[in-house]
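Chains as they are written, first to last, in our numbering: chain A, 2 to 100; chain B, 3 to 241; chain C, 62 to 170.
Each hint can be trusted.
Estimated spans, in silico, between C-beta atoms of each pair:
| # | chain 1 | residue 1 | chain 2 | residue 2 | range |
| --- | --- | --- | --- | --- | --- |
| 1 | B | 134 | C | 87 | 51 to 57 angstroms |
| 2 | B | 104 | A | 2 | 24 to 30 angstroms |
| 3 | C | 139 | B | 106 | 22 to 28 angstroms |
Where chain C lies over chain B, by a calculated footprint (3+ residues, C-beta under 8 angstroms):
| # | segment |
| --- | --- |
| 4 | 157-169 |
| 5 | 192-206 |
| 6 | 225-233 |
Keep in mind that the hints were calculated from the coordinates and are not lab data.
Glycine included, every Cβ here is placed at the ideal spot set by N, Cα and C.
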Amino acid sequence: MVHRISGVLLACFLPLHFLVLGLAIEHAASLDRFLKWTEEPGVRLIETALVFVLAVHLLGGIRVLLIENLAWRPGQKQIATAVIGIAGTVAMLFLLLTL
Amino acid sequence: MSDVIAVSIWRGRDDGRYVDYKVPRLDSQTVLDVVTYVQRELDPTLSYRFACRVGVCGSCAMTVNGRPRWTCRTHVGKVAGGGRLELAPLANLPVVKDLATDMTQFFEKWQRAKGNFSPSKTRNDPVVQIRPSSPARVVVDKAIECINCGICYAACDSVRWDPVYLGPAALNRAWTLVNDERDASNRERLAAVAAVGGCHSCHTHQSCERHCPQSINPTASIAGLKRRTVRAYWSGELE
Amino acid sequence: MTLRLYLLQRLTAVLMVPLIIAHLVTIIYATHHGLSAAEILGRTRGSLGWATFYGSFVLLAAVHASLGVRSVAADWTPLRSAALDALMWLFCLALVLLGARGVYAVIAT
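Can you build the whole structure from these sequences, using the hints too?
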């Protein structure tokens with residue numbers, strides 16, 4: 002379910018991301034203003050959440066690929082929890098590295 | 003520990019309501035005992051199913067406090083925390099009355115998934131030797147103990163969301179036959195499980211595996227079907 | 062989902078894993094080496110490498126996201142086959158067009 006929600010969120014975000022990039026065509030100035038805006042702490046938080054959502058979706062997807070293609074192993078729920086933990090760590094690293 | 007259990011039981015059909023009963027609590031008591039007490043002592047109009055009462059037939063499967071379980075194998079102590087129980091019929095199936103559901107679609111999907119054996123030999127051919135230790139048989143044996151109780155079907159999110167999805171039990175059985183070298187209709191079977199509503203609709207939530215009282219893992223069986231159908235697709239045997 | 066859609070979904074997912082890691086590394090690099098429009102564009106303008114990288118990324122993401130959206134819509138909305146396919150194609154087209162525009166925006170000189 003987490004995997005599904007994170008996917009939906011990413012699907013909502015992606016068009017916006019593409020739109021912003023398109024600003025570079027004629028509106029380099031507005032792209033600059035946008036980039037300045039992204040340095041705000043509130044926006045940073047949203048970016049971190051976005052990376053977290055991406056990591057969760059990515060790792061959830063890898064979990065599905067593993068279950069579907071490798072031998073079964075008991076204790077997969079524990080692995081799923083560990084995966085969320087790693088996702089959180091990745092998001093934190095992103096925040097730290099880009100601060 | 004109080005000596006009375008407050009039980010809410012679903013009465014009616016798909017539209018109905020919960021009715022409350024008070025049942026004396028005993029030391030060794032299963033949820034099936036509770037239901038039986040209600041029907042015998044409090045309300046003879048209550049409808050429910052059971053047969054063996056020892057966990058081998060699967061007839062008594064119901065929703066207990068939101069989860070599908072065998073009521074004969076569910077000790078009251080495990081689920082009636084705070085002395086409360088909520089009993090409803092198995093989910094994802096039409097309700098016949100009270101706690102009894104109509105299992106028709108469950109078995110129809112079993113047939114649609116080609117969960118039935120097709121012989122490839124006659125009585126005049128020598129018996130096929132299948133060693134229990136052969137890899138294919140090991141795979142089959144892990145999934146063969148299904149007694150069609152419907153718990154996995156009731157627990158499955160994809161069954162709930164997609165009315166044509168064949169469901170974990172039907173697909174699990176198809177998987178055991180795919181791995182049975184004596185079976186003759188694997189071509190049709192793979193086509194059946196690769197159709198719309200087949201194995202590819204499984205989202206790997208693993209609710210089936212979590213709730214199966216026989217410790218079967220339908221998610222793994224369905225994953226096997228996914229791999230097998232993809233292989234058949236690449237080699238041109240399918241579609 | 063039929064077998065083909067299923068396969069496509071898994072394949073685009075697998076192919077995107079390295080691209081995503083590269084993308085995240087790129088962002089971290091960019092943040093440390095200049096994040097103004099001019100600086101970013103200075104690195105990407107006229108680069109065939111970036112064009113290929115982000116071009117393929119856009120295509121894979123567009124396919125993967127549309128298939129995912131189709132699955133979610135099939136389960137959670139009353140839409141059925143023809144409408145689902147229409148939704149999927151529409152979303153895919155939107156992402157491909159917007160993405161191509163974005164890639165063009167940062168590559169074209």
